[in-house]
Structures are given as structure tokens and as C-alpha cells.
Amino acid sequence: MSAERYDAIVVGGGHNGLVAAAYLARAGRKTLVLEKRPLVGGAAVTEEVFPGFKFSVFSYVVSLLRPEIVRELDLPRHGLQILPLESTVTPLDNGDYLAGWADPDETREELRRHSPHDADAAVAFGRLMHHMAMAVKPILEMIPPDPTSLSPGDLRGLLKLGKHFRSLGQEHFHALHKLMTMSSADYLDEWFEFDPLKATKSASGIIGTFLGPRSPGSAYVLLHHYMGEIDGAFRAWGFQKGGTGAISEAIAGAARHFGARIRTDAPVGRVLVKNGRATGVALTSGEEIAASLVLSGLDPRLTFTRLVEPRELPEDLVEGVRRYKFRGSSGKVNLALSGLPDFTCLPGRGPHLRGAVSISPSLEYLERAYDDAKYGAFSRRPYMDCILPSMIDPGMAPPGQHVMSIFVQYAPYELEGGWSEAKREAFGDAVVETLSRYAPNLPSLILHRQVLTPADIETITGLSEGNIFQGELALQQLFFLRPVPRWARYRTPIEGYWQCGAGTHPGGGIMGASGRLAALEILQRPR
Amino acid sequence: MLKKSPFHPRTSTLVRAQTWRRWAGYQMASAYDPHPDREYAAVRSAAALFDVSPLHKYLITGRDAARLLDRLITRDVTKLKVGQVYYTPWCDVAGKVVDDGTLSRLDERTFRLTSADSSWRWLHMNAAGMEVAIEDLSERLGSLALQGPLAREILAALTPLDLARLKYFRVARTTLRGIDVWVSRTGYTGDLGYEIWVDAASALPLWDALIEAGTPYGIVPAGVWALDTARIEAGLIMLDVDYFSAHHALIEARKSTPFEINLGWAVSAGKGPFNGRRALAAERARGAAWGFVGLEIAWPSFERLFAAHKLPPHIANVAWRVSAPVYRAGSQIGYATSGCWSPILKKQLALAHLKRPHFAPGTAVEMEVTVEHRRMRADATVRALPFFDPERKKA
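Protein chains in written order, with my numbering: chain A, 1 to 527; chain B, 1001 to 1395.
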């Protein structure tokens, strides 16, 4: 046992682990973060994969990061700098395009070109989404109460929640309920008629989830992507200067500022448990470090079945974790480019290159992409969300050259016959080939290609089955059920052992809320 | 008809939403895009190109040039080296600020003065009996400000000048892609940046060269809205917004001394006679009645005022310039004159005039904000200026 003893050890230097560490350190707890990789960030890392070209290797845009975390940890002081991501352009199969621009009037006119009905509907839809985001906001900031519990904490939470729902009014409460239960396509069908618009909007409902746009439950995932808030504006997405790794670095900077220690290249083998109580951790190197509290920022599978002996845990919890759905469904392709892709629908250099290009020409296109995955193949024609980070932050690539970040879905973790090097390359080929239908010069620009399958995401980051949210955002594993019933308040059956990753409420995306709420719950308890 | 800058043929084709404004009698772009977000982001992330030609510019030469200027400004011109630039206010005899600007010493007997307002008459009044020539270059010189962390890389692609040797607040004559220019390491954004002074006849080739060399570095032409947010973050004052010229103020109460607008540091205590010396020495001894400081509005308090109406906090994407009363313990102790949401600091900021003794950093005050048609008060804390001061500014 090393001589140094900590009040708290955080296993895993992902952004939630770092947030939890920062809050604990801020409250005066002697805190240590242990990260297995040479850099912190988990799935929010920036790496120079190809000399001179920097990539947000996994997670690539930001919106959901809670403003209270930005403020309370003063992240701007430590390097948080979010640049505007201006537009979304969907190339259509007829050579035209559908765009959402930075300016609302320009967007409305663009929509009117395709559907006067949808141009007006989009305004009303935006208003409703605003109300939905307002409705969800307090829930995001809340430690989830269990409706079946009679403990004072749970009851207080439920009372607060009940009051909040009552204050929403009938119309908004009903809309929220529909969003929680419907498929994103069905929900959008109620609003819009132009298919590429529905497809592009519904794409937010499938991200990170093994669902198609017509699968019930996908509307909630859509809402999850609407509740981000940048500078007071809901639904705003941005790009962190220097890539998403710079967000992790900013949080790490804040944690260090408050006195936390962060060790990289320090993989934890297991959590030490004595008489049902966590006493510290053992690194894979054999080094043991003592602590009064251990927090796991890893996903529920690793937290409950890898870091501790399942026999330390009640059987229903182990069973719940076993059934908890990961089902990684997305991959990532990162390209180093010698120049700019030229999109047939919008030739040349234009504002569309500073925003997202969404390959979502129709709902059927997305649903067929899902069909491939249902039967164990990656999508031959996948949904893709592409951005050129170097057009937003020129520091990401050498002057005049570019990096392209392509989020790809579907790439099922459970690929028929398993992932291999050949299949990974075939997947990369399908991505480039599909994109080149819209930007024919793309293949000739590629200097380097990094293809990441869910299996690669699991191997590199540790995220089970490569699920980017540490488990699907499905209704049965949200709020007081995340990750499993009875263990949603960040605690575990092992005294002094806590969860703080995205596998807890409210989960997924670079949000940090899980890490913050876990730390606040710990700090509420007597020391 | 308002005047047009020598860069107008280029900038006018870029103003997509026809968002023009007046600036010192010129028609200038508020923003090129309908919203200034990207232009502002370029200042803090890449490089923004501002047309600052409306500044008044005077070339002052001759045996008594230094004498004239030493009489005019509050800083010590005898200590201004060739190739150095001062930022400085200048005052009337009562020590009230007339204007502020930069003074560059181009050689022993040649200076260039910039000002927000026309200074022709005031310069001549002060030059009585001196051997000095004053030339108004305002319309003959175009000026651009290239501001942002990558500004140096862009200039380096165009000039033989060793930019590493052009330090903060220094100026040099050089060429940019063969065009004769003066380059100074100055700006109005609080970031790493340069101002470039060029003969109006060469304005367009200079603009084109900068855009071409800057494109790989993410250069963005930017307008006054972006500049306004950046200068508030940098704690830089603006004439006719944060203070009024002693020559234009209709009432005494609207005049300010340098000490009252956070420019006390620029009042030399040891130099020879200059306009306002006696009044300023007395004020230095007794302490200024007003301070000019930053206010940071407490977000939770601001958010609560809106939440009472079930609204999210309203954040404007353009800086405001209306007077907002500031209170402490129920009484008004001053007023804020401009403010903005700072995208880089993620804070609501304001610049404010506060009465003694309320301007010490850390003082808790309240600022008036209008929420849903009602005048409310949000908690705020007094901060020293600048709010934002990156190392690269002077590096």
C-alpha cells in the first residue's frame, strides 16, 4: 500500500470523472484521478493521429455541457472556448440540398423553398422544443428520486418533480410524454411533410442508440440532443477550440486548480473492498492506493463486474447490469485532407463547410441503414454527420489543409462474424464511397484515414460495446432506472463506492451532469 | 452622404444583411454576416480583419513636434522612443479628458496621432508659436486592424519584417507584399494584433493580400459589433459611449478626468507642463471621486429574475450601450455605460462609473436590468479591468 492516502479516488479520467474530481477537490477533499491512457478525456480527447493533423478522435461537438459546471468550475479560465458551428446541410439525391443556416430568416426561406408548410411548422416546433428543454432542465440538474422509495430525500425530490410537472401545463406535459415514448419519425410526421427535413431531424434520435428512426423511444434521444444550452440558447451546438480534448483538459485544469491530482498511464485493476466497504484501489501494476471513497467513472458493466467482484453485490443488481443495454451502433472516420471537399449540391467554398453536413436524404435511407445493422452488418449507405473542424479552428490542421470528422451510424458492435481489420477497412470504404457520391473529389484529397468501429472504441476508451453514452438512452434505463433500479443515486451496495459516469442519470454526451451530481450527492453526506 | 473608407469597394460586397452604421462620419459595417458571432470568434480564435479607417490621423512634424505633443497629452513624450507607441488620453486645462488615442513616434521629429474625434483645431490651438507642421492624414491613410491569435502568422507570410522583434506598442515601416505600410503592434481588442496604416491608393491591394494570405489561417472580415464585444472584454473605453469629450459635454457632470475613466496610469506625475497638470496633480493627491471599473453580473441572480417569468435568461449577441443604474445597499452609487455577454468568459459583463468608495474590486453591488418590461436589479461584483487579458496580447 502506498503511503499516500486520499479522501477520494476517481477511477477513469473521462470528462465525468474529472468533473466529479473537480467538485470534490473544490470542497476540500483530497482527490486523485487515475486514467489508464496517457491522456485524460476518455471519449473526449484530441490526438494528433497523423502529423500536423489534430482530431477530436471520438466525441467531436459540444452542446450539452451543463452551464452550471462551466460557471462553478470557471472552465473558460482553464481553456474552454466554444466556437460557433453554424449550419447543417443535407445533400439530396436530386442534386439539391436542404440547409439550416445560422440566421433564422435565411433558414426559414430555405425551408420555404422545399415546403412552405414546414417553414412555418419549424418555427412552432422550435418553440415547443424550447419549452421541452425548459421542462427537462430541472430534471437534468436533479439527483433522481425513486418513486417507490419513502426516504426523505426521495420524497423531497418527488415532490419537487411533481410540482415541476404540474407547472408545465397540460399541453407541454402531454408533449413531453409523447417525446418520451414515440419514435422520432412518428413524432416528426406530426409536424413536418418534407422528408429530408424529417430525416435530418430524426437523425438526432438515433445517435448512439441501436434504434431506427421508426423505433419507439427514439424521440427521447432526439429531445436529449435538444436540451443543450450554449450561452443561454437551447439546441446550440458548438466546436471546442482545439477539439473536445481541450474540454477535458479544461476540466482537468480546474480539478488541479482545486488541488486534485491526476495520474495518467495508471490503469486500475480493481477496487479494494474490505467488509463490504471500499478501501482504495489496486492498479494493474500491483500498486495499491488507499482512499475513503472510490468513484467509478467507467460504465456500469465495468463498474459492477470488472472493478469489483460481482459476489460483493446483490444478485439482482448484477443481473440488472447484465441486462443493461449497450449495443454500440456507431463508428467514426477521421480524415486528413489535402484540400476542401467540393459538394456537388453547393460547389466551392461556402458557409456550409463551416457547419455540419448530414447524410440523411430520407427517412427511408436511415431506416434502411438500420435494417443492415439489425441483421448484423454495417450500413452500406450509412447516416453520417460530417464536420471540417479545421474550417472552424484553423489550428486543427496545417494551413490550407483540413481534417474531416465523420460520425457514422450504423456500425453494430455485434457484427456478423465479428470485426476484423478487413471489415474495418470495408466499413471505411463504404463511408468514403457514400460521401464521394455527394463530394466526388473527396477520395483524391485523403492523406490519412482513421477508421474506428465500436470494437475499436471499446478497446481504446474502455466503453463497453463501444456505446458512446455508456449505455443506451432508452426509457427503461433512464432517470431513476439508470443504470438499474434502486441504484440510480450514484451509490452502490458497497459502502464508499460510487458511480459518476454517463451510465448514471442524466447520461450521455459531453454533459458532465453525472459527475457533478455524483459529487454533490457525496458531499451532502456527513464525512 | 456619409464618407466611405478606402476599403469600401471590398467591404461593401461582404455586408450580407446591409447592417451599416455611422462611425465618425463614415458608413461602416456593423457586421458582415447577419450576426457577429463568427466575426467575434475569429478575434479570439484565429484572426479578424477590421476596417478602422474612420479614426482621425494626424502627422505632426518639425522641431517642436515633441514639445507640442508633450503639452497635449498626459504621458511623457520625452520618454517616447522612436518606433514606440503610447496609448494616452489628453485633457483640457481643468484636467477633463478631451479624447484618447495612440501616439506613434515615427522618427525624432515625426509623430502620428490618432483620435476618435477631430483634433485639428485643438492641435493648432496648442501649437501656437511653435515650429511644427500638422497634417490631417485622416482621409489619405486607410487603416486596418488585424486582431487575433494567428495575426502574426498571417503578416509573416506577407512581410520581410521580423515580427518577433516588433514588440507590444511598437511601430515599424515595412512592406506587405511590396505595399508600403506602417505596422504597429496595437489594437482595440485586448488580443494579439496589429494595426496597419496604408496610403489610401494602395488600400485595395493590401486588403486582397491580407485576405489571401489569411484564408488558410481562418481570417474573417469583422465589423463594429464584434469589435465592441472584444473591447468591453478588454476593458477599453469608448468616447461618446463610456465618457464624453470635455469639448462636447453640455454639462460639467458629463466630463471625466483620466483618473475617473481608469486612465490614471497614463497621467505622468513627473513630466513638464501639460494641459491639465495642476488639476490632475490635485486630484491625484485627494483621490478621484469616481472610478471606472468592470462589473460581473452574477448569473444565478440574473437567471432567477427570468425564471420568475418562466423564461430563460436573455442574452443579446450584440453589446449594449445604454446607461444602467448601479446600486449598493439600496442607493444608486453609479451607472454602467456599456456591457455584453462575453462568449469567451461565459459571463455577463459591464463597464461602469462608480462613486468613491464603492469601486474597490470585490464590492457587491446591484445593476438594473429590464426583465419582461420590469426594471429589476441583478447582483453584480466589481472587477478590476481588463476582464480578459491573455498572455499572447503582449507576447
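Hints were generated in silico from the structure; no laboratory data involved. Accuracy of the hints is not assured; some may be wrong.
[As the list claims (entries may be wrong)] Here are the computed distance ranges between Cβ atoms for each label pair: (1) B/1012 with A/371: 24 to 32 angstroms; (2) B/1391 with A/310: 49 to 57 angstroms; (3) B/1395 with A/77: 41 to 49 angstroms; (4) B/1021 with A/77: 31 to 39 angstroms; (5) B/1301 with A/109: 33 to 41 angstroms; (6) B/1272 with A/39: 53 to 61 angstroms; (7) B/1124 with A/48: 58 to 66 angstroms; (8) A/113 with B/1316: 25 to 33 angstroms; (9) B/1167 with A/269: 31 to 39 angstroms; (10) A/263 with B/1012: 25 to 33 angstroms; (11) B/1301 with A/113: 22 to 30 angstroms; (12) B/1012 with A/216: 52 to 60 angstroms; (13) B/1375 with A/459: 55 to 63 angstroms; (14) A/316 with B/1389: 51 to 59 angstroms.
[Said to hold, decoys possible] Partial selection, computed: residues in chain B whose CB lies under 7 angstroms from chain A: (15) 1034; (16) 1038; (17) 1045; (18) 1209; (19) 1211; (20) 1212; (21) 1213; (22) 1217; (23) 1298; (24) 1299.
Glycine residues also receive a C-beta, built at the ideal position from the N, C-alpha and C atoms.
Taking the hints in turn, this is what the structure says about them:
At about 53 angstroms, the beta-carbon gap between residue 1012 of chain B and residue 371 of chain A misses the expected band of 24 to 32 angstroms. Distance hint check: the CB atoms of residue 1391 of chain B and residue 310 of chain A are about 51 angstroms apart, consistent with the given range 49 to 57 angstroms. Against the hinted window of 41 to 49 angstroms, the Cβ-Cβ separation of residue 1395 of chain B and residue 77 of chain A comes to about 18 angstroms, which falls outside the hint. In this structure the hint that residue 1021 of chain B and residue 77 of chain A lie 31 to 39 angstroms apart at CB holds, the actual value being about 33 angstroms.
For residue 1301 of chain B and residue 109 of chain A, the hinted distance range of 33 to 41 angstroms is satisfied, since their beta carbons lie about 39 angstroms from each other. Under the hint 53 to 61 angstroms, the C-beta atoms of residue 1272 of chain B and residue 39 of chain A, about 59 angstroms apart, fit the expected range. As the Cβ distance of residue 1124 of chain B to residue 48 of chain A is approximately 60 angstroms, the hint placing it in 58 to 66 angstroms holds. Between residue 113 of chain A and residue 1316 of chain B, the C-beta spacing of about 30 angstroms keeps the proposed range 25 to 33 angstroms intact.
Hint check: residue 1167 of chain B to residue 269 of chain A, Cβ distance near 54 angstroms, so the stated range 31 to 39 angstroms is violated. Distance hint check for residue 263 of chain A and residue 1012 of chain B: the Cβ-Cβ separation is about 57 angstroms, which falls outside the suggested range of 25 to 33 angstroms. Range check, residue 1301 of chain B to residue 113 of chain A: Cβ separation about 44 angstroms, and the 22 to 30 angstroms hint is violated. Checked against the hint of 52 to 60 angstroms, the pair residue 1012 of chain B and residue 216 of chain A passes, with Cβ atoms roughly 54 angstroms apart.
Separation of residue 1375 of chain B from residue 459 of chain A is about 59 angstroms and conforms to the stated range, judged on CB atoms against 55 to 63 angstroms. The given range of 51 to 59 angstroms is respected by residue 316 of chain A and residue 1389 of chain B, whose C-beta atoms sit roughly 56 angstroms from each other. Given the 7 angstroms rule on beta carbons, the hint for residue 1034 of chain B holds: about 4 angstroms separates it from the nearest Cβ of chain A. A least Cβ separation of about 6 angstroms between residue 1038 of chain B and chain A falls short of the 7 angstroms threshold, and the interface hint therefore holds.
A distance limit of 7 angstroms between C-beta atoms decides the matter here; for residue 1045 of chain B the minimum to chain A is near 5 angstroms, and the interface restraint holds. A distance limit of 7 angstroms between C-beta atoms decides the matter here; for residue 1209 of chain B the minimum to chain A is near 16 angstroms, and the interface restraint is violated. Checking residue 1211 of chain B against chain A: minimum C-beta separation of about 12 angstroms lies over 7 angstroms; hint violated. Hint on residue 1212 of chain B is violated. Least Cβ distance to chain A is approximately 11 angstroms, over the 7 angstroms limit.
Among the interface hints, the one on residue 1213 of chain B is violated; its C-beta lies about 10 angstroms from the nearest C-beta in chain A, farther than the 7 angstroms criterion. This hint holds: residue 1217 of chain B has a C-beta 5 angstroms from the nearest C-beta of chain A, less than the 7 angstroms allowed. With a cut of 7 angstroms, the hint placing residue 1298 of chain B at the interface with chain A is violated, because the nearest CB-to-CB distance is about 10 angstroms. Given the 7 angstroms rule on beta carbons, the hint for residue 1299 of chain B holds: about 6 angstroms separates it from the nearest Cβ of chain A.
When the structure is compared with the earlier hints, violations turn up for hints 1, 3, 9, 10, 11, 18, 19, 20, 21 and 23 and for no others.
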